[in-house]
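Q: Please build the complete structure, drawing on both the sequences and the hints.
If you read the sequences in order, they're chains A and B. Residue numbering for the first sequence follows the working numbering, beginning at 1 and increasing consecutively. Residue numbering for the second sequence follows the working numbering, beginning at 1 and increasing consecutively.
By construction, these hints were calculated from the structure, which means they are not laboratory data. Beta carbons are placed, not taken as given, at the ideal position from N, Cα and C, and that holds for glycine. Each hint should be verified, as a subset may be incorrect.
One side only, chain A facing chain B, incomplete, derived with CB under 8 Å [claimed, not checked]:
hint	residue
1	33
2	42
3	45
4	105
Quick list of simulated restraints, FRET-style, between CB atoms [unchecked claim]:
hint	chain 1	residue 1	chain 2	residue 2	range
5	A	95	B	3	44 to 50 Å
6	A	95	B	28	40 to 46 Å
7	A	8	B	8	30 to 36 Å
8	B	26	A	56	36 to 42 Å
9	A	95	B	110	30 to 36 Å
10	A	61	B	9	27 to 33 Å
11	B	15	A	70	42 to 48 Å
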Amino acid sequence: EAQVTQNPRYLITVTGKKLTVTCSQNMNHEYMSWYRQDPGLGLRQIYYSMNVEVTDKGDVPEGYKVSRKEKRNFPLILESPSPNQTSLYFCASSLLGGGNQPQHFGDGTRLSIL
Amino acid sequence: GDSVTQMEGPVTLSEEAFLTINCTYTATGYPSLFWYVQYPGEGLQLLLKATKADDKGSNKGFEATYRKETTSFHLEKGSVQVSDSAVYFCALRNTGTASKLTFGTGTRLQVTL
Chain A
1 EAQVTQNPRY
11 LITVTGKKLT
21 VTCSQNMNHE
31 YMSWYRQDPG
41 LGLRQIYYSM
51 NVEVTDKGDV
61 PEGYKVSRKE
71 KRNFPLILES
81 PSPNQTSLYF
91 CASSLLGGGN
101 QPQHFGDGTR
111 LSIL
Chain B
1 GDSVTQMEGP
11 VTLSEEAFLT
21 INCTYTATGY
31 PSLFWYVQYP
41 GEGLQLLLKA
51 TKADDKGSNK
61 GFEATYRKET
71 TSFHLEKGSV
81 QVSDSAVYFC
91 ALRNTGTASK
101 LTFGTGTRLQ
111 VTL
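A: Quick look at the structure:
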């Protein structure tokens, strides 16, 4: 089954404790992206990747890192999490980065930073 | 920059009522337009899309027409069901290989018996 898999689904942690949210897709997609969803703001892009070893900032990259060492994986790293990063996070992928390509989303990761 | 504006929710309808969720956009160039749906506790699923002016996207009884002259992409369904209760997001993706999805803030739909 074609899917985007995120882990963990839920995480409660404390300020400053490094964490990684994993994302994996099995569709051989080139384009991958991370979004955060906050009430009243919709989804905003954090980082994206056009292909292996090619990443770039989205609209809200501060406090986050990503890497793309393999085509299927695109982890999101919070080196020193802070309470304002409490949010619902989604990983998404598309075959290519083109405008008419729909993105496929994972089920989300709810992070609470205390 | 690009932006999407959706009507505020929640929208509460009785089963079998007609649904319209308004969506307008601002973008340079010729974006593709999408409607995504988010059921409780789940990720976003693509509901329908349209890639050029006057295209009509449709799926599961939902429809939306890409209106370039009014920069709109309103979502409609003739007869909603309780199972349609969800949050609906309008989004655009502009041309260019690095383009992201730009989302509206989402509209919650609640359908009651």
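Q: Does each hint fit the structure? Answer for all of them.
A: The hints, checked one at a time:
1. The interface hint given for residue 33 of chain A is met, as the beta carbon of that residue sits about 7 Å from the closest beta carbon of chain B, less than 8 Å.
2. Residue-level restraint check for residue 42 of chain A holds (minimum Cβ-Cβ distance to chain B is 4 Å; threshold 8 Å).
3. A least Cβ separation of about 4 Å between residue 45 of chain A and chain B falls short of the 8 Å threshold, and the interface hint therefore holds.
4. With a least beta-carbon distance of about 4 Å to chain B, the hint placing residue 105 of chain A at the interface is held under the 8 Å criterion.
5. Distance hint for residue 95 of chain A and residue 3 of chain B: a CB-CB separation of about 26 Å, inconsistent with the stated range 44 to 50 Å.
6. For residue 95 of chain A paired with residue 28 of chain B, a C-beta distance near 24 Å fails the hint of 40 to 46 Å.
7. Restraint check, residue 8 of chain A to residue 8 of chain B: a C-beta distance of roughly 32 Å satisfies the suggested window 30 to 36 Å.
8. For the hinted restraint 36 to 42 Å between residue 26 of chain B and residue 56 of chain A, the CB-CB distance of approximately 23 Å leaves it violated.
9. Distance hint check: the CB atoms of residue 95 of chain A and residue 110 of chain B are about 34 Å apart, consistent with the given range 30 to 36 Å.
10. The hinted window of 27 to 33 Å between residue 61 of chain A and residue 9 of chain B holds, with their beta carbons roughly 29 Å apart.
11. At roughly 47 Å, the beta carbons of residue 15 of chain B and residue 70 of chain A sit within the given window of 42 to 48 Å.
Figure legend: structure checked against the earlier numbered hints; hints not met, in rising order: 5, 6 and 8.
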